[in-house]
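Number of protein chains: 2
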Amino acid sequence: MSYRAPIREMRFYLDSVLGAHRLARTDRYAEATPDTADAVLAEAARLAEDVLAPLNRAGDLHPAHLENGVVRTSPGFADGYRAIADGGWVGIAGDPRWGGMGLPMTLTSCVNEMLGSACLSLSLCPLLTQGQIEALEHHADDALRDLFLPKLNSGEWTGTMNLTEPQAGSDVGALRSRAEPNGDGTYAVSGQKIYISWGDHDLAGNVCHMVLARLPDGAPGTRGISLFMVPKYLPDDAGRPGPANALSVVSLEHKMGLHGSPTAVMQFDGATGWLVGPPHGGMAAMFTMMNNARLGVGVEGLSQAEAAYQKALAYALERRQGRPPVAGGTGTILDHADVRRMLMTMKAQTAMARAICLDCALSLDMARAGQGDDWQARGALLTPIAKAFGTDTGCRVAELGVQVHGGMGFIEETGAAQFYRDVRVTAIYEGTNGIQAMDLVARKLMDGGTAARALLAEAGTTAERAAAAQPELSAGLSAAVDALSDTLDTVLAMPDLNDRFAGAAPFLRGFALVLGGHYLLKAALAEDARLPLARFAVRQMLPEVPALCAAARAGAADLYALDADALAV
Amino acid sequence: MSYRAPIREMRFYLDSVLGAHRLARTDRYAEATPDTADAVLAEAARLAEDVLAPLNRAGDLHPAHLENGVVRTSPGFADGYRAIADGGWVGIAGDPRWGGMGLPMTLTSCVNEMLGSACLSLSLCPLLTQGQIEALEHHADDALRDLFLPKLNSGEWTGTMNLTEPQAGSDVGALRSRAEPNGDGTYAVSGQKIYISWGDHDLAGNVCHMVLARLPDGAPGTRGISLFMVPKYLPDDAGRPGPANALSVVSLEHKMGLHGSPTAVMQFDGATGWLVGPPHGGMAAMFTMMNNARLGVGVEGLSQAEAAYQKALAYALERRQGRPPVAGGTGTILDHADVRRMLMTMKAQTAMARAICLDCALSLDMARAGQGDDWQARGALLTPIAKAFGTDTGCRVAELGVQVHGGMGFIEETGAAQFYRDVRVTAIYEGTNGIQAMDLVARKLMDGGTAARALLAEAGTTAERAAAAQPELSAGLSAAVDALSDTLDTVLAMPDLNDRFAGAAPFLRGFALVLGGHYLLKAALAEDARLPLARFAVRQMLPEVPALCAAARAGAADLYALDADALAV
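So the sequences go chain by chain: A and B. For reference, each letter of the first sequence is one residue, going 1 to 569 in our numbering. For reference, each letter of the second sequence is one residue, going 1001 to 1569 in our numbering.
Bound conformation, chain A alone:
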């Protein structure tokens, strides 16, 4: 059993649930026609299935390692990376002016899901480059863009993000790396950065580090941070990599998963860098990159859910155990109700996560295509939900995948355990899921709840549309929408922001389930064969929404009623 890219599923959600055809009507994405989409998805599917999926276990078994200061990647990763770059997949989202394909995020998200399902650890390398491409397009000057973007889009060079320092994780403003002007327009960047994914490797000719650091006159906190491009090898004006820059890999982390993706501690010792964007404007530039990276990480979670589901279903269909408890069954453990429950839960959550991620991508695409601020607000609201629910779904589905395998799930050869280990960090990096939830209830509700109410109204419309044909499901979705709408009002009325934060995580999950129920029911209205999954979701998953709302409304007091000593008892 190997990975099969769910192209039809993607196309169905894009076309029949989310209305992605609207993109091709915009000037910016006029070329993103259904035919183009078909061709892109089919080609990416072949790459994922045939070239990348066979590398996943090798990456796990033979981690990237440090050899005389240079990172050596896992067996086969060099060939895999070359296939990604040669196919043009690194630059899929890049501006065509610098060699990118200029595809909308709705399509790049589908592509990245496939590459992630096939081999998440390797797929992170081009994904990080995509984030850097975007930051350079938006914030770098022409000289930098002309120098770096063609190499990054082609995959000849790769990109990294250098934010975190030991004392500055979620609190980026605490960072201490500094940059001194060299007097020639460049800067000398010094400091130590941790958790640098693909911080070094042997796959490409240069590694381009985007580094957050403070200029001498930079204020404390996030307002005094600037962004620098600090390549491993300093290129000449023609873009030929020249002398090595003053930076090095101190060590690689020994991680629970993603062994194929080297996670470096990077040391910059007066390394030459170029300012990207204005002085002290680093956080704004970084946020451009991070927002889309958050959707990208949500898609990473989704990718592991899809892969774990496929593997578990394949195992259930081949494992014979016990007498068939139902007549006319398959004779395998798929006949058992509890195995069915696990698989239905996995499938429903995966479908929900995909719809949320793709709707987020579509909204951001429409905003970029100049279709109005509402799309921008919609995409901004959906981003933390896509990140947190996508990655939570990855974790939960991978866990159920292990469980479906029984004892074999704990044995590494099976592969189910690798998904479970690999996906776990997606709930942590790029802003922990707790931070996503705080973003949702604070920043993303600063419009007084307008964007949130608009999305809930869409869900309400789906419930109305279903009223005649599926009254029970219509009522179930309506009840969940109402519970969440009431909770939204309660949350908005909280005068103390910490009361919102206290219920942020359950609020986000409740929101995601309501949206998920809405998408699945909409899918069922479009295609009868999808009714069973919608029925399962509405009848057996949406009842969780009132429980989540209770926690979302409860306020902070209960959480602080035990002091540190009492917690330790």
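The hints are simulated quantities; they were obtained by calculation from the structure and are not laboratory data. The model shown is predicted, which means the values in this text are computed figures rather than measured ones. A few of these clues could be false.
[Unchecked claim] Taking CB as the label site, the calculated pair distances span:
hint: 1; chain 1: B; residue 1: Asp1489; chain 2: A; residue 2: Ala479; range: 19 to 29 Å
hint: 2; chain 1: B; residue 1: Gly1328; chain 2: A; residue 2: His254; range: 49 to 59 Å
hint: 3; chain 1: A; residue 1: Ala479; chain 2: B; residue 2: Asp1035; range: 53 to 63 Å
hint: 4; chain 1: B; residue 1: Ala1442; chain 2: A; residue 2: Asp528; range: 57 to 67 Å
hint: 5; chain 1: A; residue 1: Pro495; chain 2: B; residue 2: Asp1489; range: 40 to 50 Å
hint: 6; chain 1: B; residue 1: Gly1087; chain 2: A; residue 2: Ser251; range: 36 to 46 Å
hint: 7; chain 1: B; residue 1: Glu1318; chain 2: A; residue 2: Val326; range: 46 to 56 Å
hint: 8; chain 1: A; residue 1: Asp374; chain 2: B; residue 2: Ala1568; range: 51 to 61 Å
Here a beta-carbon is modelled for each residue, glycine too, at the ideal position from N, C-alpha and C.
Following the hints, put chain B in place on chain A, whose structure we already have.
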């Protein structure tokens, strides 16, 4: 930060919530006085904290491995095991007639929790021996008991359980191992067994395998299975290990966790064995052993929850990040509401799991002490709940522990990831949690729900007792009890057992949450300082019960509405 055994917590639940003092009033456990309990727990705590906890990471880093057909254990494990054996901890539950300490399960569960929290992989070795001691006490003849039990109780020899074969996992009745009479009262046992924990090692003088196999006249299925004692070295009449038996370790599994615990594929090639219990009575004997093993595995899950919670709390108390969002805080991430939510969730679930496991243990002890069939039924009902909820709690709390650690949670050096990996199998082995749930709704409701209703009535009584002082919490618990009682009636009225099975897992979880809320509220009524945790549990966790009930009542049809092809789309 290292592990601290939660002795006070255990004593509080035993004394003030569960009424374990009743045990010392029975003849059988008259010696289990509070003073004895104090001494036992304090001594076990020292062993766990000082000797075993330091071994846990070594076991993970340096797995047990096969060397010329013999298993070599992780560094330090031999010393750790010797300390366990020398302290008399292997035989804590054993009958004093053969050198055991004869302690009740309420105390042995506390001891095993501590040893498991400290080093789960090593603790499994004596735990398996304890299961074998119990099976021999109940089912072996005097000669076998006299020969094996003293050595097992002293820890000089260790025990294993050999049930599973490649084609016979959850479906034990499909096993193919066979036993031929040798004519001298012994049998020649042949077959291959998999997933044999501590199937071989270098810690003790003999490894005693309890093997399920079929006699020549054994019927197909579980009715034709017999149990055999098949030691690695054949002892002479004086109990001196002699010639090697015809058995071998084929290989060790490469597992996601529990690296310190060797999991063997065992081959028996006409190995000499002694029948334990009557011919074809193997399943009954095995069930004796398995039932208590199920509680033991629930305690394993609990042990990882406790250890993961302690580690996460310690990390939260030292990690400074971001501006304090609350006045008068600790200046650490403990000040953040979402971190608080995670820690409160971890603490509440761990307390619930401990109370459920200990109440199960107490019930089984009271039954053994001849206090009546009601106790037996109560313990039998609580067993699958203790196993599944204890291990689910272990998995969930360990996952939250990783999340509290942020990026550090994914780095192996931290130790949070090890709990997450180690604990995962506890939800699978000794009957998957899905099988536990099926046991609960089928076999354990065969009394028409009498035992279940009695437990729910206890929870209702707690709600009533709280009505005056804590009306909101009383109402919250009452509502959950009512929802579950109604669901119990619905489940009992289902004519098709597969409809019960379809909702078994959510029913079990709902039952566990109701019991957990009941214990926590009872604890709060006994000690004011415990009110905040009870408030959190009732207000923010029990609202999940109606959602679980909805799934428990939904029946099987929704789960089978997609056929195998549709599931694969």
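Each hint tested on the structure:
1. For aspartate 1489/B and alanine 479/A, the Cβ-Cβ distance of about 23 Å falls inside the hinted range of 19 to 29 Å, so the restraint holds.
2. For glycine 1328/B and histidine 254/A, the hinted distance range of 49 to 59 Å is not satisfied, since their beta carbons lie about 38 Å from each other.
3. Between alanine 479/A and aspartate 1035/B the C-beta distance comes to about 56 Å, which sits within the given range of 53 to 63 Å.
4. Between alanine 1442/B and aspartate 528/A the CB atoms are about 35 Å apart, so this pair departs from the stated range of 57 to 67 Å.
5. The hinted range of 40 to 50 Å is satisfied by proline 495/A and aspartate 1489/B, whose Cβ atoms lie roughly 44 Å apart.
6. At about 40 Å, the beta-carbon gap between glycine 1087/B and serine 251/A stays in the expected band of 36 to 46 Å.
7. The beta-carbon spacing between glutamate 1318/B and valine 326/A, approximately 54 Å, falls within the hinted interval of 46 to 56 Å.
8. Distance hint check: the CB atoms of aspartate 374/A and alanine 1568/B are about 38 Å apart, inconsistent with the given range 51 to 61 Å.
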